[in-house]
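Hey, can you work out the whole structure from these sequences and the hints?
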Amino acid sequence: MREHRSTGHPRNAWYALAASTEVGDRPFGSRALATPIVLFRAGDGSVVALGDRDAHRPHPLSLGRVEGDTIVSGYSGFAYDRTGACVRVPSQAQVPYGARVPSYPVLEEGGLVWVWLGEPSLAGRRPPVATPWLTDSAWETFGGQWETAADVGLLHDNFADITHVAVVDPVISPPVLSGVAPALEVEITETTVHFHRDWPAAPVPEWQAKLTDVAHDAAFPQREEGAFLAPGLWADRWDVLVPDEQGGPQSFRFTHAVTPVEDGRTRHIWRVSRNFAPGAEVTDVLRPIFESYYLKVREILETMQQVIDRDGYGDDVNVAADAAALQVRRILRRLVADEGWQPSRRTGRD
Amino acid sequence: MTTQPIVREFEADLTIVEAVESATDVLTLTLCAGDGSALPPWTPGAHVDLVLGPDLVRQYSLCGSPADSGRWRVGVLRTPDSRGGSKAVHELAAGGTVRVRGPRNHFPMVASPRYLFIAGGIGITPMLPMIAEAEASGADWRLVYGGRSRSSMAFVDELEAYGDKVTLLPQDESGFPDLDALLGTPEPGTLVYTCGPTGLLDAVEAGCAAWPAGSLHLERFSAKAAEPAEGGDQGFELVLQRSGLTLAVPADKSVFEVCRAAGVSVVGSCLEGVCGTCETEIIEGEVDHRDSILNDEEKESNEFMMICVSRCRGDRLTLDL
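Line by line, the protein sequences are chains A and B.
The opening position of the first sequence corresponds to residue 101 in our numbering, with each subsequent residue numbered one higher.
The opening position of the second sequence corresponds to residue 1336 in our numbering, with each subsequent residue numbered one higher.
Please note that a few of the clues may not be correct.
Said to hold, decoys possible - Some chain B residues close to chain A (C-beta under 10 Å, calculated; not the full set):
(1) Arg1343
(2) Glu1346
(3) Thr1350
(4) Glu1353
(5) Trp1377
(6) Ala1381
(7) Ser1400
(8) Pro1443
(9) Asp1475
(10) Leu1514
(11) Gln1576
(12) Ser1578
Said to hold, decoys possible - To be clear about the criterion: a stretch of chain A counts as covered by chain B if any three or more of its residues have a C-beta under 8 Å from a C-beta of chain B, and this derived list gives those stretches:
(13) 212 to 222
(14) 275 to 288
Read the hints as simulated data drawn from the structure, not as lab findings.
Note that CB positions come from ideal geometry on N, CA and C, so glycine has one too.
Okay, here's the thing in structure tokens:
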């Protein structure tokens, strides 16, 4: 039997370190896989990712300033170009030989800044997953981002099974979720897991009925989909199959970019996109509903992490609904094993 | 209402963009989605099933680039002794479609500063993407590639670019690879990857006996001859923890068959312990591993088993199903 512990975190993956809007004129300090990273925009507007530690003294470059295509340390005044090479020091004409900070491949996609912290030569060989709905005008998107004091593995488990939604937040939950779940259908590939359930016809939640013209007591078939697309990305959806004569299908897409900050801490960028009821007014109604739900999830996952930190991983009882979560763990374990290092084994965590 | 989950692999009819004979008896197929959409991602060493008929499923390594999410490439050798799989593939033509399932990977490329690749014949296919990544990462690598004759060796043109890192050994010109010279001195830190005919793999396995554990990675085309259990197979009790079921596995049925018959969704493909699709986590029980995928360390750890062929040594086996 396998020991129960964290699966570890693959480095060879694209992780979203920031929303595009977070990276402006000033450097943005972030952290992923226990590595400090600074993001900034070069003169042409493209994002640069460098190690967030001045090569001269242990001071974060993110506390410095951007000058054209360089970032300048707020302590030593050392300036670094987009490759991480030190190009200027205030105290002497000669730049110290070999002075540099690490640089990382970056992509901007769907309003998110994705960084590759693994083997650099693989960055171009592992295409990032396209998220066209985040920018497509047929979808209206809002969201938020924060850090959760829980290991990314707990976030994966959470997204892999939504049957807890009705328990955690009966208000946001589609009423049908409180019944017995229909069979979960899981589709796997080498590195992805998709799942879906076709739920029987049921009303939409009260808040959703209010936003559209559908009757609160009318019943519509609903479909749930979840997809673990990469170690740093989930894309889920919920479709209410409203007939065209009553306004047509109403779909939500939920995008979760998850980045292990370090063991036990995760950056979570969430986006909710919809293809119905457009407009800022509706968004203003929806935002607090979803934000309050995701905050509840954060609180619960943080509590779970505290239990693990105190009492270890334990032998959780798995049920049929965990089929997708177990496939995700299997993939993550293998990706970590391929990188040739062992998952971390902190005391009290095995 | 049933709440048993159904787990299956990605499966689709893909369009054959190109079908070319890349060497004597080797057909290279390039496949893409009918609607041009992205295919599932994969990593070097992965393979897919070509579903050629109701009972005709064959595994072929992906040998294109993982960076190209629009196209998959496989190279298929026509084998005279095959049960018709490779013959059916060789009848495929550009413009047609073929049913594909997967990908999955039981020959993954583990990061290392040094690699020794030993390929026999069509066993070159999983090595092509591995070599490309080893080269790109700046790893120190060598390929020894043997085949019956130069004209039978596929993808030689693509390997030319790597210069003297590649040693081509057409058997009719140079004889068999000198495995004693290649493997005689264990090199800690070097990973050995090999794929090809059974004779070559058995010889490489023997040659690596003195190498550090975990050095050798091999992929077999066909099942390794399993040693029969003393006194024949025995029946045992099978507990499926997540499903909350207890089933009886008779001597003449596999764990896979018993699960299927009970309506428990298990995925399987080759059903002879070669492809790794049915890998399942063991919770309790001592397993008699009979597959050709797990290495000795993995078998020893008793964490996973291939339920299509492996059995229980005791009278009770508990699985995470």
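Holds or violated: is the Cβ of B:Gln1576 closer than 10 Å to a Cβ in chain A? 7 Å, holds
Would the stated hint for B:Glu1353 survive a check requiring a Cβ distance to chain A of less than 10 Å? 21 Å, violated
Given a cut of 10 Å on the nearest C-beta pair, is the interface hint for B:Asp1475 held or broken against chain A? Because about 14 Å separates B:Asp1475 from the closest Cβ in chain A, which is outside the 10 Å limit, the hint is violated.
Holds or violated: is there a CB of chain A closer than 10 Å to the CB of B:Ala1381? Holds. Min distance 5 Å.
Would the hint on B:Pro1443 be counted as holding, given a Cβ-Cβ threshold of 10 Å to chain A? Constraint on B:Pro1443 satisfied, holds at 5 Å.
Under a C-beta cut-off of less than 8 Å, do 3 or more residues of the segment 275 to 288 of chain A approach chain B closely enough to confirm the stated coverage? Contact hint for the segment 275 to 288 of chain A vs chain B: holds, 9 residues under 8 Å.
Restraint satisfaction for B:Ser1578 [CB to CB of chain A, less than 10 Å]: 7 Å, holds
8 Å C-beta criterion, at least three residues: is the segment 212 to 222 of chain A covered by chain B: holds (count 3)
Min Cβ distance, B:Thr1350 to chain A: is it shorter than 10 Å? Given a least distance of 19 Å, the restraint on B:Thr1350 is violated.
Is the interface hint for B:Trp1377 satisfied, with its Cβ closer than 10 Å to some Cβ of chain A? 5 Å, holds
Interface restraint verdict for B:Leu1514 against chain A (beta-carbon cut-off 10 Å): 25 Å, violated
Verify the interface restraint on B:Arg1343: the C-beta must sit less than 10 Å from at least one C-beta of chain A. B:Arg1343 check passes; min Cβ-Cβ to chain A is 6 Å, inside 10 Å.
In this structure, the earlier hints numbered 3, 4, 9 and 10 are contradicted, and the remaining ones agree with it.
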